[in-house]
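Q: The chain contents come next:
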Amino acid sequence: MKDDITREERVAGLKGMGCSRKRVEDARFTQGKGNYVDDIKLPGMLHGDFVRSPYAHARIKSINIDAAMALPGVVAVLTAKDLEPLGLHWMPTLAGDKQMVLADGKVLFQGQEVAFVVASDRYVAADAVELVEVDYEELEVLVDPFKSLQSDVVLREDLVAEDGSIPNGAHGPRKHPNHIFTWEVGEEEATNQVIDNAEVVATEEMYYHRTHPCPLETCGSVASMDKVNGKLTLWGTFQAPHVVRTVASILSGIEEHNIRVVSPDIGGGFGNKVGVYPGYVCSIVASIVTGVPVKWVEDRMENLMSTAFARDYWMKGKISATKEGKITGLHCHVTADHGAFDACADPTKFPAGFMNICTGSYDIPVAYLGVDGVYTNKAPGGVSYRCSFRVTEAVYFIERMIEVLAIELNMDPAKLRSINFIKKEQFPYTAALGWEYDSGDYQTAWDKALAAVDYTGLRAEQAQRVEDFKAGKTRKVMGIGLSFFTEIVGAGPVKNCDILGMGMFDSCEIRIHPTGSAVARLGTISQGQGHATTFAQILATEIGLPADSITIEEGDTDTAPYGLGTYGSRSTPVAGAATAMAGRKIRAKAQMIAAYLLEVHDDDVEFDVDRFVVKGAPERFKTMKDIAYAAYHQAIPGLEPGLEAVSYYDPPNMTYPFGAYVCVMDIDVDTGVPEIRRFYALDDCGTRINPMVIEGQIHGGLTEALAVALGQEIAYDDMGNVKTGTLMDFFLPTAWEVPNYETDFTVTPSPHHPIGAKGVGESPHVGGVPCFSNAVQDAFRPFGNRHTNMPHDHWRIWQTANSLGMHG
Amino acid sequence: MSNKMHVKLNVNGEDHEFLAEPRELLIYALREKLNLTGPHVGCETSHCGACTVTMNGKSVKSCTVFVAQADGAEITTIEGLGSPGALHVLQEAFKEHHGLQCGFCTPGMITRAAKLLEENPNPTEAEVRFGIAGNICRCTGYQNIVKSILAAATELNAAKEAAQ
Amino acid sequence: MIPAAFEYYRPKDMAGVIALLQEHGDDARVVAGGHSLIPMMKLRMAEVPHLIDLQGIDGLGGITIKDGAVRIGAMTTQHEIITSQALADAAPIMKEAALQIADPQVRYMGTVGGNVANGDPGNDMPGLMQCLDAQFHLTGPDGDRAVAARDFYEAAYMTERADDEVLTAVTFATPVGGHAYEKQKRKIGDYATAAAAVQISKAGGKVATASIAMTNLSDTPIWSQAAGAALLGTDCGEAANKAAVAAMLDDIDPTEDNRGPVAFKRHAAGIVLGRAIARAWSRA
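Protein chains in written order, with full-length UniProt numbering: chain A, 1 to 808; chain B, 1 to 164; chain C, 1 to 284.
Hints may be right or wrong, so weigh each one.
What the hints assert, rightly or not - Result set (PhoX-like, lysine-lysine): computed pairs, CA atoms no more than 20 Å apart in a straight line:
#1 Lys349(A) / Lys495(A)
#2 Lys147(A) / Lys349(A)
#3 Lys185(C) / Lys476(A)
#4 Lys589(A) / Lys615(A)
#5 Lys33(B) / Lys33(A)
#6 Lys242(C) / Lys473(A)
Read the hints as simulated data drawn from the structure, not as lab findings.
Only a predicted model underlies this, so the values are computations on that prediction, with no experimental measurement involved.
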C-alpha cells in the first residue's frame with residue numbers, strides 16, 4: 001500500500017496534542033443553541049422559588065402558608081416540617097457537617113432558605129413567596145469570627161450536647177460551640193525555635209476577603225420523578241454530576257441506578273457549582289410530591305447571598321531568614337470564617353484544602369500551618385474559586401510574606417525569590433508541609449519573565465517616579481507587582497483524597513466505531529474549558545484517529561463512567577490521564593489486530609502517528625481506520641470482537657503547575673484609581689494540549705484575579721446584611737476595565753502524568769491575585785507601605801495613600 | 001392578577017402573537033413562549049447583557065423590558081443573525097479567535113457586537129471595548145472577544161469593498 | 001427577580017396619561033425607557049399597580065436647537081443625545097456626560113426624562129441640568145408649567161413634580177464657553193462615586209460666568225452657587241480652583257456606601273471638580 005501524504009501531514013490531520021484546534025463546542029454556542037439548565041422545558045413543569053430569611057440570625061416562631069396556598073397556581077409550599085418525615089430537612093455537606101435544607105426552627109444567615117414555593121409558573125411562584133408569613137425573633141448576630149469564638153451566643157445548637165459539652169466535629173475536637181475544627185500541619189515547636197533565633201523575622205496579618213465565583217449562569221436544577229418507572233432524572237448546574245447522584249441516592253433512598261443526573265451545558269462554574277444546594281434537594285422533593293417536573297433556578301441576588309462563597313481567611317504569618325535572605329522558617333495561622341454551616345468543598349482529610357502548599361515555590365526547611373474553622377452568621381461555602389482547594393489563599397499568603405520579608409531585609413523582592421527557589425535538581429521535592437512537588441524549573445521561568453519586562457528598567461523608572469512624586473511633578477505612583485506561584489492540582493490520589501468518602505480518581509471510556517470514528521465519555525464536565533475539543537486531541541494523538549472523528553461526552557451519569565467532576569484544575573491531570581491510559585489500551589489491542597492482519601508477530605509492529613507499521617518495513621502498515629473495521633468485522637483468533645476500553649485513573653501524585661507573573665500599574669493617589677499598564681504572564685503547565693485554549697484560560701483567570709484583587713467582595717454589615725447583592729456592587733469587570741495580557745510559557749512536563757500535562761485553568765487566578773495586589777502594594781512601598789488588605793478598590797487605595805500622608 | 005394581553009412581536013422576521021401578563025419580561029417571553037433560548041438571564045438588573053437582543057434597531061437588555069412595552073416591536077435575537085449554513089461573520093470570527101468559553105454570554109455579546117459594527121464599521125480597539133461594556137463575560141477576559149470583533153469588522157469591510 | 005403584577009396602559013395622548021394619573025394617584029407611574037423603574041419593580045422595591053407607558057405619545061422625543069435655546073423631549077434617549085451632532089455642537093457637555101452614563105444598551109433605552117424625573121441622586125442628568133440652569137416642563141391637569149432644575153429636587157426620590165404631572169421636556173439656553181463632565185466611578189454601569197458638571201465662560205482672560213453642579217454627593221444633586229462664584233473674575237488658576245472646591249465642599253453632604261466612606265467621597269469630589277474646572281477652562 002502506498003501513501004501519498006507525508007508523515008507531517010498525517011500528524012497535522014489528526015489535530016492532536018499541541019495544536020490550536022478550533023473548538024467544536026463553538027458552533028452551538030455562537031448560534032444560541034447551547035443547552036443550559038434554564039433552557040430545559042418539560043411538559044407540565046412547575047417552578048420553585050424560595051422564601052428566604054431577611055435576617056442573619058433569628059428564631060422562627062411560626063410560618064403561615066395559608067395565603068400563599070390560596071393563590072391560584074400554587075401547588076405546594078414546603079417547609080422543614082414537610083421535609084422532616086423524609087429526613088431531608090437537613091443534608092450532609094461536602095465537609096462532613098450538615099446543613100439545613102429549609103430553616104429548622106432558626107435561620108443562620110441572611111438569604112437562608114425558609115420555605116419552597118411550587119407553582120405553575122415563575123410569576124405565580126414569586127407572588128406566593130411574598131404571601132408566606134414568617135414570624136421571626138431576631139437573635140444576636142455574629143459576623144466576626146474572632147468575636148464568634150469568644151461569644152456566649154451559640155450558633156449551632158445542634159452541635160452542642162445536652163449537658164453543654166462540645167462533641168467532636170468531622171475534623172476532631174472543637175474548643176468552643178462556634179468552633180468547627182483545628183487543623184495542624186508541620187512542626188510548630190521546631191518552626192518557632194527557628195523563627196525565635198533567626199537573624200531576620202517578618203510578621204504580617206492579612207485578611208483575604210470573602211468573595212464569590214459568580215458564574216454568569218446562576219445555579220439551578222430541573223427534577224423529574226417518573227413515578228411509573230420509579231426513575232428520577234435531575235438536570236442541574238453540577239460540576240460533579242456523579243457525586244450529586246450518589247448524594248441524592250443516599251439522601252432520598254432511591255437506588256442509584258434509578259437516578260440519572262445530567263449536567264447539560266454549564267455557563268461557568270469557577271467552584272460555585274461544586275456543592276449541593278437546598279434548591280436541588282427541594283426541586284427533587286417537589287417533583288416527588290407533585291409527580292411532575294419541577295424547575296428551580298436562583299436569581300443573581302440569591303446566587304451571591306446563598307450559594308457558595310470563596311475565601312474569608314484571616315491569615316497571620318511569621319517568616320524568618322538569614323541576613324543574606326535565605327528563608328529559614330515559616331509559621332502560618334488561619335482563622336477561617338466558614339459561615340453558618342461547614343460546606344467547604346475540600347477533600348475530606350484536608351479541612352483547609354491544600355492551604356499547606358503555603359511554603360510556595362521556596363525551599364523552606366521548616367514550617368507550620370494551623371487553621372481554625374469558625375461558624376458565623378454568613379452564608380456557607382468556602383469553595384475554591386478558580387483554584388485548587390484554598391491554593392489561592394496559600395499563594396497569596398506566601399507571595400505577600402515574601403514581599404514583607406523583602407522590606408524587612410531591604411532587598412529587591414525579585415532577588416529574594418531567586419535566592420529561595422526550589423532548584424531544578426531538587427525535584428521531586430518534598431516540602432516542609434508534606435507535599436511532593438513533581439517537577440519544576442523556577443529560576444529559568446523567573447529569569448525569562450524578568451527579562452521580558454525589562455525588570456531592571458522598570459525599577460529604574462519607578463525610582464524616577466518616586467522622585468517626581470516627591471518633587472510634586474506627578475500625582476501618579478508606579479507599582480511593579482511580582483508573583484511566582486506553584487499550584488497543586490489534580491486531586492487526587494485516592495489514598496489521601498476523597499470527598500464524602502468518594503475517592504478522587506477519574507475515568508474515561510472509549511468506544512471505537514467500525515469506520516474509524518469514536519466516542520469517549522468522561523467523568524468530568526466542561527463549564528467552558530472546552531473538553532470536547534481538548535480531550536479529543538489527547539485521544540487523537542494516542543490512538544491515531546482524527547480529533548474531528550472523536551466525540552467527547554460528559555455529564556450524563558447514565559452514560560458517562562463514574563468520576564469526581566471538574567474543579568481544582570483536575571480534569572486534565574486526572575481525566576486527561578484516564579483518557580490517555582484508555583487510549584493506550586485501545587492501542588494495545590489494535591497492535592495485536594494489526595500484527596494479525598500484517599501476518600507478523602505482535603512485537604514486530606510499531607505505532608506511527610495513525611497506523612501500525614512493520615518494523616523496518618514502513619510500506620507495510622495498517623491504519624487505525626483499517627484496524628477499527630477489522631476489530632468488528634473480521635474474525636481474529638484469540639481476540640474478542642470490538643474495540644473499546646475504559647480506564648479509571650488514580651493519580652500517583654498531584655501535579656504542580658507554576659508560573660511567573662509581572663504587573664505594571666500606575667495609581668492616581670488622589671482618586672485611588674489604578675491603571676494596569678502591562679501584565680505579563682508566563683505559565684508552565686507541563687505538556688501543552690491546545691495553546692489557544694490555554695491562552696484563553698489564562699486571559700480569563702487573570703481577569704477574575706483582577707476583579708478579586710481590585711474590588712470584588714461579598715461584604716456584610718454588622719447586622720449580617722449582604723451589602724453587595726447585585727452586579728451594581730459586586731464587581732465584575734467589563735471589557736473597559738480589563739487590559740490586554742501578554743502570555744508566555746516554559747514546558748516542564750509532569751514526570752508521573754501519562755502525557756506530562758499539569759492543568760492550567762486556575763493558575764492565572766492563583767498567580768494573578770497576588771500579582772495585582774503586589775502591584776498596588778509595591779506602588780506605595782517607597783512611601784512606607786508594608787501591607788494593606790484587598791480588595792484594592794478606589795477608596796481603600798485612597799486610604800492607603802492617605803494614611804501614608806500622600807495627600808499633603 | 002391575570003390580566004393577560006395580546007402581544008404581537010416580529011422576531012427574526014417572523015410574526016408572533018401570544019397572550020401574556022404585562023409584567024412578563026421580554027427575555028422570558030422570548031425564551032419560554034417562543035423557545036428562543038439563545039439570549040440568557042444572567043444578572044436581572046441590566047448589568048450583564050447576557051439577555052441582549054436588538055429591538056427596533058437598538059441593543060437592549062431584554063431582562064429589563066416588559067413584554068407589554070415590546071408589544072409591536074421588531075426583535076432580532078442571536079437565532080436571527082445567521083443560520084447553520086450561513087453563519088454571521090461575527091459567529092465565524094468568535095469561533096476562529098476563541099472569543100468564547102462557556103458560551104453563556106456569547107449570544108448577547110455577538111448580538112451586541114453586530115449592532116456595534118452596524119453603527120461603527122471601523123471601530124478602534126477602545127471603541128470595541130467601550131461598545132461592549134454592557135456585556136459581561138466571566139471566562140475570556142475579553143481579549144479574544146475584542147480580537148474577534150475587530151477581525152469581523154475587517155472581514156465585513158473587505159466584503160463590502162469587494163462588492164463595490 | 002419578578003415584579004408584582006400591574007395594569008398596563010399605552011395611551012395615545014397626554015390627556016389620556018393625565019386622566020390615568022388622576023384616577024390612580026400614587027398607584028400609577030409613567031414609564032419611558034424604564035431602566036430606573038423596572039429594576040426597582042423587579043426587586044419589589046417599587047410597587048406600581050398601574051404602569052403608564054409613554055411610548056405611544058407623539059411629541060415627547062426630539063432635540064430642537066434654535067434661537068439660542070435647546071429643547072430636549074423627555075423621551076429622548078441617552079443614545080440619541082450622544083449621536084446628535086447638532087447637540088454636540090450646541091451643548092457638548094451633554095454628550096460628554098451621556099457617554100459616562102451606564103452602558104450602551106442602557107443608553108439606548110434610558111431617557112432624559114426618566115433620568116431627571118425620578119429623583120435618584122445617583123443619576124447624572126439632574127446635576128447636569130442644574131449646571132445648565134435648565135427648566136423642566138411639566139404637564140398636569142391644570143395645564144403646563146415649568147420648574148427650574150435647581151428648584152426641582154427636594155430629597156432622594158422626592159421632587160417638585162406632583163403625582164399627576166408628567167415631565168415632557170427639558171430646555172436650557174445654549175451654554176457658552178467651556179464645559180466638562182468629570183465622573184469617578186468604579187466601573188462601567190456604576191453610579192458616580194463623585195461627579196462634577198462645569199460650564200465656564202471667559203471674557204478678557206477672566207472667568208465671566210461659571211456654573212457648577214455635583215452628582216451623588218447628597219440626597220439631591222447639588223448646584224453650588226458659591227463654587228461658581230469663587231471662580232468669577234479670576235484667572236481660573238490654582239488658587240481660584242481651590243477656592244471653588246472649598247466652597248463646593250461646604251455644600252455637599254455625602255453618605256457612606258460601598259463606594260467608600262465620607263472622607264474619601266469628599267476628597268474625590270474635590271478632585272473631580274478640580275479637574276472639571278481645569279478642563280472646562282481649557283475649553284473656554
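Q: Decide, hint by hint, whether the structure agrees.
A: How the hints compare with the structure:
1. For the suggested pair Lys349(A) and Lys495(A), the alpha carbons sit about 10 Å apart, so the restraint of at most 20 Å is met.
2. Proposed proximity of Lys147(A) and Lys349(A) is contradicted: the alpha carbons are some 27 Å apart, above 20 Å.
3. For the hint pairing Lys185(C) with Lys476(A), the CA-to-CA distance comes to about 18 Å; that is within 20 Å, so the pair holds.
4. As the CA atoms of Lys589(A) and Lys615(A) are separated by approximately 18 Å, the hinted pair is consistent with the 20 Å bound.
5. A distance of roughly 16 Å separates the Cα atoms of Lys33(B) and Lys33(A); the hinted pair therefore holds under the 20 Å criterion.
6. For the hint pairing Lys242(C) with Lys473(A), the CA-to-CA distance comes to about 18 Å; that is within 20 Å, so the pair holds.
The structure shown violates just one earlier hint, number 2.
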